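Protein sequences appear in the order of chains A and B.
When we follow this note's numbering, the leftmost residue of the first sequence carries the number 8, and every step to the right adds one.
When we follow this note's numbering, the leftmost residue of the second sequence carries the number 22, and every step to the right adds one.
Don't read these hints as lab results, they were simulated from the structure.
Predicted model, so just to flag it, every value in this text is computed and none were measured.
Beta carbons: idealized from backbone N, C-alpha and C, even for Gly.
It is possible that some hints are incorrect.
What the hints assert, rightly or not - Footprint (simulated), chain B over chain A, 3 or more residues, beta carbon under 8 Å:
no.	region
1	80-94
2	161-172
Said to hold, decoys possible - Partial chain A-side listing against chain B, Cβ under 7 Å, derived:
no.	residue
3	P132
4	K204
5	K205
6	I245
7	T248
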Amino acid sequence: MIRTLVLFLFSINTWAAPPAPTALEEGTDVNYTVRHFHKIKKLKIVSEYSQIKTEKQSDIVKFQTGLRYRLSKNFKIGAYYSRMYGNRHDEDWIASNGSWKWKDTKDRGENIFTLDLIPRFLLKPNVIGEFRVKVLHNTFNSNTTLKIRPSLSYVHLGNAGPIYTASLRYEVYIPMSYGDKFIYEDWAYVDFLYHYKKWFKPSVFFSVGNRFWTQTDKFAGAPYEARHKIKMFGVQLIFLTK
Amino acid sequence: MYFKINNGCSKKVILILTFLFSTQVFSAGKIFYKRGSLTINKTKAAKNAEVKAGDILVTGKNSLAIIELNNGSKIKLSESTKLKLGKVDDEKTGTSVGLLSGNAFFNVIKKKLRGKRKFNVKTRTVSMGVRGTEFFASYGKGKSKDIWMCVNEGKVLIKAKNEKKAKMVNAGEGVRVKDGKETSKPKPLAWTKKLNWEMDPKKGEVKNEINIEAAYTDVLDEDYD
Chain A
8 MIRTLVLFLF SINTWAAPPA PTALEEGTDV NYTVRHFHKI KKLKIVSEYS
58 QIKTEKQSDI VKFQTGLRYR LSKNFKIGAY YSRMYGNRHD EDWIASNGSW
108 KWKDTKDRGE NIFTLDLIPR FLLKPNVIGE FRVKVLHNTF NSNTTLKIRP
158 SLSYVHLGNA GPIYTASLRY EVYIPMSYGD KFIYEDWAYV DFLYHYKKWF
208 KPSVFFSVGN RFWTQTDKFA GAPYEARHKI KMFGVQLIFL TK
Chain B
22 MYFKINNGCS KKVILILTFL FSTQVFSAGK IFYKRGSLTI NKTKAAKNAE
72 VKAGDILVTG KNSLAIIELN NGSKIKLSES TKLKLGKVDD EKTGTSVGLL
122 SGNAFFNVIK KKLRGKRKFN VKTRTVSMGV RGTEFFASYG KGKSKDIWMC
172 VNEGKVLIKA KNEKKAKMVN AGEGVRVKDG KETSKPKPLA WTKKLNWEMD
222 PKKGEVKNEI NIEAAYTDVL DEDYD
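With the hints as constraints, model all of the structure from the sequences given.
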């Protein structure tokens, strides 16, 4: 009788609907970035290293390089290549040894190609409105994402040039080839950049974001939507050369 | 006037009278205020020194000078500025000033300009004509041939040498004459809001802290993310 009961309970466990990821990973992440711009007339060569130390998952590391070109007074375009480690996707929610968990991706490198269009307009003498549009393609899983980011920045000018820039930004990630939600991720940022020297500008930012996990085709259970709320503090060291 | 010429004392009187007459004829104004170093025709000058047509005034680093012309107008020279004083209140040409390098503030008293006489400020490539106004003119940064000009009160007509038509710049507006050749459209310039227009040291600080570098800030290019 007991044996039958145990077998019955075991079978229920095996054939029960697989669990969806829960919002267990709410936490505060810290982003460290070093970025360099080398300017040649209207062209900027961009290089970046960033690391996000997360509270609940492995670190996310990114190396990026690319070009940004000023088409006109108000428009810039960019093309970038990134190599990232520690990214997480919907399909990384996996069954392992009888339980469901997020796959450890810290050693998994992914190649991402990005194109962006950056229109910037002077709304008032020192206030800039920007509406950045990016398309990212990840060759690891062929995911293509559209990122739209409107922002407002105020540049405070001193006697010999800018002293600081304060910005408010909002960014949405729209999956073009994956996911079930229209907006997969969104972030609100506040950023403060100090124009310490012409060649060195440190900045800090704070952001809050939402990330939505949805099931992939390989998930045998019922469709789900799990929301992951994140806070992030960031420090960026920006260097410029000509 | 008739003087009986005798030897000794009379000759001295004639010399003194000749000297006084000559300075009165050619004197265009005086140094109203000075801080730091100032030369007039390469000779050190002090406060209240006379200035005359043709004089070349040069301020040193961290220096400034304010000239008061006989017609009541004032010119404030910033540091490292070279200015040539032309004729003042000439019957035909009015008052003429040449800005050779650096930057200066001009406060022109309209009612004291006799008749239809103008006040002209010139650089090598640009001419600015005023009829009672307060404006600022500057060479660009470094070895740039740019000329910047902004108006605080009144109006200024500005024209580069090779331009056919002059542009009117109104109060609150400024222009850049790129390479001394092409005048931009007059519009408010953010960096000019902090210019120090004060000409009277008794009323407050007269030194202008704004560096022409600020004029070259292209805020639309200040994107670092």
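Status of each hint after checking the structure:
A stretch counts as covered by a chain when three or more of its residues have a beta carbon under 8 Å from one of that chain; for the region 80-94 of chain A and chain B the count is 3, and the coverage holds. Against chain B, the region 161-172 of chain A contributes 8 residues with a C-beta closer than 8 Å to a partner C-beta. That satisfies the three-residue criterion, and the hint holds. The criterion of a C-beta within 7 Å of any C-beta in chain B is met by P132 (chain A), whose closest approach is roughly 4 Å, and the hint holds. Interface restraint check for K204 (chain A): the shortest CB-CB distance to chain B comes to about 13 Å, outside 7 Å, so the restraint is violated.
Annotation: K205 (chain A) was flagged as interfacial toward chain B, and the flag is violated, the nearest CB pair being 10 Å apart, outside 7 Å. Nearest Cβ of chain B to the Cβ of I245 (chain A): about 5 Å, under the 7 Å cut. The hint holds. Taking 7 Å as the C-beta cut-off, the interface hint given for T248 (chain A) is violated, the closest approach to chain B being about 13 Å.
Checked against the numbered hints above, the structure breaks hints 4, 5 and 7 and satisfies the rest.
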